[in-house]
Amino acid sequence: MNAHPSARTRAADIFAVLARWSLGAAFLYFGLNKALHPVEFLKLMRQYDLVPNSLLLNSVAAVLPWFEIYCGLLLLAGVAVRGTALLLIAMLVPFTVLVFRRALAIQSALAIPFCAVKFDCGCGTGEVLICRKLLENVLMLLLSGWLLAGYGRRGCLRRILGPGAAETDSSS
Amino acid sequence: MNRPAAIDVKRPGVRQPLRGGERFLPISCSSFPARAFSAGSEKNSVCRAPVDGPRCSGIPLKDQAIQSGTSRRPGAVEILREAVVVLAAGLAFALVANHISPRGLVLARNYFPAGTGPARPATNSVSPAPGELLAARLKEQGFQLVDGRQAAQLFHDPRFQAGRIVFIDARDEAHYREGHIPGACEFDPYYPEKYFLTALPPCQAAEQIVIYCNGGDCDDSESAALTLRDVGIATNKLFIYGGGFPEWITNGLPVETGGRNSRDLRPLKP
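Quick note, the sequences are listed as chains A and B, same order.
With my numbering applied, the first sequence covers 1 to 172.
With my numbering applied, the second sequence covers 1001 to 1270.
It is worth saying that the hints were derived from the structure and are not from the lab.
For clarity, every value in this text was computed on a predicted model and none was experimentally measured.
Just so it is clear, CB atoms sit at the ideal spot from N, CA and C, and this is done for glycine as well.
Honestly, I wouldn't trust all of these hints.
Stated by the list, open to error - Label pairs and their computed distance ranges (CB to CB):
| hint | chain 1 | residue 1 | chain 2 | residue 2 | range |
| --- | --- | --- | --- | --- | --- |
| 1 | B | 1081 | A | 32 | 23 to 31 Å |
| 2 | A | 53 | B | 1174 | 49 to 57 Å |
| 3 | A | 53 | B | 1101 | 50 to 58 Å |
Unchecked claim - Where chain B lies over chain A, by a calculated footprint (3+ residues, C-beta under 8 Å):
| hint | region |
| --- | --- |
| 4 | 31 to 39 |
| 5 | 54 to 62 |
| 6 | 69 to 76 |
| 7 | 80 to 88 |
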């Protein structure tokens, strides 16, 4: 029997790390796009008519972009991967529902096929076709779930930093 | 010497007390490479490993688990705790970053004096709202709506050259630099403090102030009007050009690029 991980395990592990980096890079990109144009993001948030209070609306619009950047950096560095993955799922699920609901409203207002609905959902990617956006979100949810299950922790910062780091890694 | 204890191979490091008289514990090897154990190493068989130090080739079992990518999986509570810590640190980071950023939002400011609800129902597509609705809303606030023809007339009015009619561009800086109505003052209602010094004196001296933005579902001109009203500009002087800059271009009227009164007049494509 072989003590080293099989080639298949290793490939899955490498793929999981790539998934972690991709997810991290995506959130970094989305967050930066919003953080650089906070007023535009604020206006888009307003379109969802979620919060009646300006302080709440401002707070969400001010915090969310930077929080996404933060989560992206954590994933890229491999710090607190499972906790971050859980938070991404907690954000992605309501975002996806909101975007879906808004797309339905636009579809009924314009009387066009659902997948032809194209709008700026405030996701940091500008105007997108709704079906593509929903697919993207589902993919990101799956990747987050995968990371939450404990995969993709090779190359994590805590594991790289010294031999003692490996001892504590089990909780990262 | 360590006291004998049970080791769950799926959770290296987690020890349980031994039952009386046992020195070695049965350990399932199913989830571990067999070489991790010093004895009884067939998959799915029961191993007997000295629990105070199951080693293989001198590597502690826990390290082997980490190397093979099957290290201890934390429980839901542990993950939740980690998520709470990440959330708390992330929120603190986000608040500080927003505060430091020169483009950061001021949390206490009401950026939408006309209301935090959507400017137009459901869609953010380019379809403009009915003119009657806009006119009714502006009338409610005491503002007057002007159309493209009236805006052009005001632009060609001699009072415009004399500074008694002022145009205010309520779009952001990038759009303003790209092109604006010649002589229009820049006034982004989301960063008013940046423009009060340059925009307020002409507004105070003017008899009529025409405010425009991107037309359609853009209500930044309305926000600008409300902001100007809040700083003491009389409501009856404030006019909203509903069609906005896109209509101005479509009508083939002159456009100035760069700063105010740069005299850099260029045709822009509608």
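Right, here's what the structure says about each hint:
Roughly 29 Å separates the CB atoms of residue 1081(B) and residue 32(A), a value that falls within the hinted 23 to 31 Å. At roughly 29 Å, the beta-carbon separation of residue 53(A) and residue 1174(B) lies outside the given 49 to 57 Å, and the hint is violated. Our hint of 50 to 58 Å for residue 53(A) and residue 1101(B) is violated, since their Cβ atoms are close to 22 Å apart. Coverage of the region 31 to 39 of chain A by chain B holds. Counting CB-CB distances below 8 Å, 5 residues qualify, and the rule asks for three or more.
A count of 7 residues in the region 54 to 62 of chain A with a Cβ less than 8 Å from any Cβ of chain B is obtained; the coverage claim is therefore met, three being the minimum. Interface restraint, the region 69 to 76 of chain A with chain B: holds (4 residues with C-beta to C-beta distance below 8 Å; minimum three). Requiring three or more residues with a Cβ within less than 8 Å of a Cβ of chain B, the coverage given for the region 80 to 88 of chain A holds, as 6 such residues are present.
The structure does not agree with the numbered hints 2 and 3 stated previously, though it agrees with the rest.
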